[in-house]
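These are the residues of each chain, in order.
Protein chains: 2
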Amino acid sequence: MSLTISIDAMGGDFGASVTVPAALDCLKENAALTLILVGDTQVLAPLVAQAQSLYGNRLQIQHASQRVDMDESPAKALKNKKDSSMRVAINLVHEGRADACVSAGNTGALMATARFVLKMLNGIDRPAIISTLPSTYGHTYMMDLGANVDCSAEHLFQFAVMGNELVKAIDNTDSPRIGLLNIGEEDMKGNEQVKAAAKLLENSSLNYIGYVEGNSINAGNVPVDLIVCDGFVGNVSLKSIEGAAKMIGTTLKDAFSANIFTKLAALMAYPVLKRFKQRIDPRLHNGASFLGLRGLVIKSHGGADVLAFKTAIKLAEVEVRHNVIQKITQQVEATLAQRTLSS
Amino acid sequence: MSLTISIDAMGGDFGASVTVPAALDCLKENAALTLILVGDTQVLAPLVAQAQSLYGNRLQIQHASQRVDMDESPAKALKNKKDSSMRVAINLVHEGRADACVSAGNTGALMATARFVLKMLNGIDRPAIISTLPSTYGHTYMMDLGANVDCSAEHLFQFAVMGNELVKAIDNTDSPRIGLLNIGEEDMKGNEQVKAAAKLLENSSLNYIGYVEGNSINAGNVPVDLIVCDGFVGNVSLKSIEGAAKMIGTTLKDAFSANIFTKLAALMAYPVLKRFKQRIDPRLHNGASFLGLRGLVIKSHGGADVLAFKTAIKLAEVEVRHNVIQKITQQVEATLAQRTLSS
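Chain order of the listed sequences is A and B. Just so you know, we're using my numbering here: the first sequence kicks off at 1 and counts up by one. Just so you know, we're using my numbering here: the second sequence kicks off at 344 and counts up by one.
With the rest of the complex left out, here is chain A:
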């Protein structure tokens, strides 16, 4: 099966210096892949001249004259940057020329543009962001990670329905275990939206396992496949975990750099420390999917390096190969229609 992905080649903190090498690596590794690099031809053409002779039509450039800044307001980007690399990359998905789009650009602008160009699925009020985090059980999906600051119970339920389809498709599991993020496992705890969402989930056909707490993301007492929460809580939680990992990494490094003896110990432990680092490397979990849209958009971390951006492209490949958007569209509309009928 051939697949085509559009790349916002100018997006992210490092633009083409990261996106182009990552794209070339992916082309090398997957012979069925076609990539359309979107951005300033004058910048991109010299970077890929050599590779184009190698990959022919599998490596294309689509010119776009503008670039959305990392701190630009979504509304301004939408209004003034109609020929941005971000917008054109999303247009390609809308026009059916690409199966998915990957961007490391400004999250707010990417979300607003994707929503404007691709439109929402029937029955879904808001798009949401889903990604995986490493856990002692392998990994955990979590959504929403920042698209929606205030969510009703109905929104949280919709996130669960969409996330459920994505996890089923990608992880090849029949019935993902879904948890609702709360501040206690007891029924009486939590805010009103979360309590009401729990009722909706209990009455659905989803495999709802109940409330889970923050520690369940990485290392809970019971395995959970998908954790649902509003975007404010999800984003704070995700960033808190990033901060904790960074602090622990720094502390470990400091401990091994303290003096000549600890440095010797570090040398002895080098292969172990390297394997440890690889196992928790956040670059291997880069890439978040926007769900709720009529098309596939993957957001990479803005500060992604080549390995991290490559991970995001590979995530797009996986989601296209598993028809994630088609499955979500069918199931979500069916589930929500059924709920409307039975309510």
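No lab work stands behind these hints: they were computed from the structure. No experiment lies behind these values; they were computed from the predicted model shown. Warning: the hint list may mix true and false statements.
To be verified - Here are the simulated DMTMM-like pairs of lysine to aspartate or glutamate, each with C-alpha atoms no more than 25 Å apart in a straight line:
#1 K189/A <-> E154/A
#2 K532/B <-> D150/A
#3 K79/A <-> D13/A
#4 K371/B <-> D648/B
#5 K189/A <-> E585/B
#6 K277/A <-> E585/B
#7 K189/A <-> D468/B
#8 K189/A <-> D356/B
Could you slot chain B onto chain A? The hints should help.
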């Protein structure tokens, strides 16, 4: 200066088997300290018989016939457990017989009982929970950590006013840097309560440094002394960090236990790994203070061991020595009165 602390000796997952040894350790280390162990005399008396001959009147037992269960509803505990070790320990603070109370019991019941017995400060609507977390800069205070699931801007502002006084008193700093937890550092992001709280903080005399993200708790780009958020977000964030630390610890342990070579490396690296573990040991950050009450109550983690519970008692000693409650009472009432006048 002599100081007296009441201990809910039956509270927590392990009750007297943890609280009593921790109490005895503290008495040994601080000759000015008096502890009143509250709980079932029949259980406690044999455990302290020997120590009482050593510490005389510095070690007292106050009988309480009941115990609040770890999963008991706060309302039921308040109604049916009037002679619980938790309630009696708080009563001692109310009666002026103790300067502070430490409990590892059920958080909800402890909060409800403390609020009922001690009453709120004038001008404060809700009590909140504050604690420190380790950071690359040393430590960061964070509040609320779970007492209030929904907070108005005014509540967030009150947390900042109270936390500011605590940090000033304990860390001996004039002007703690206060950040508001949000999902982006830009002004346009965040929910309505957070945006409105930012306005209140900007117009106050507090040293408000702006929005901070989740990663700032442990390892931000700029140092922050106190991070303010609602209790839902704070609790999820705290637990997320706990989960991340646990997963990273497990992964590191696994990497060093993989085979005979990695085990040899672990042996070589043992002193380094030990120092590393000590630096991030969560037991050395155990103990959260309830602020907003007319008396000092310290909550220990329910699963605290002797070292962790000792840390919580020592926190109570520090807060009593620095007159934290008195300072908060004076300053909070003054600040809030001034705001009322000028608004």
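Structure-based check of all given hints:
For the given pair, K189/A sits about 19 Å from E154/A by alpha-carbon distance, which is consistent with the 25 Å threshold. With a C-alpha separation of about 12 Å, the suggested pairing of K532/B with D150/A holds against the 25 Å cut-off. Between K79/A and D13/A the CA atoms are separated by roughly 22 Å; this keeps the pair inside 25 Å, and the hint holds. For the proposed pair K371/B and D648/B, the alpha carbon gap of about 18 Å is at most 25 Å, so the pair holds.
For the hint linking K189/A to E585/B, the alpha-carbon distance of about 20 Å falls within 25 Å, and the restraint holds. Taking the CA atoms of K277/A and E585/B, the gap is near 19 Å; set against the 25 Å cutoff, the hint holds. A threshold of 25 Å between alpha carbons decides the hint, and for K189/A with D468/B the separation of about 20 Å falls inside it, so the pair holds. Our distance criterion of 25 Å between C-alpha atoms is met by K189/A and D356/B, whose separation comes to about 20 Å.
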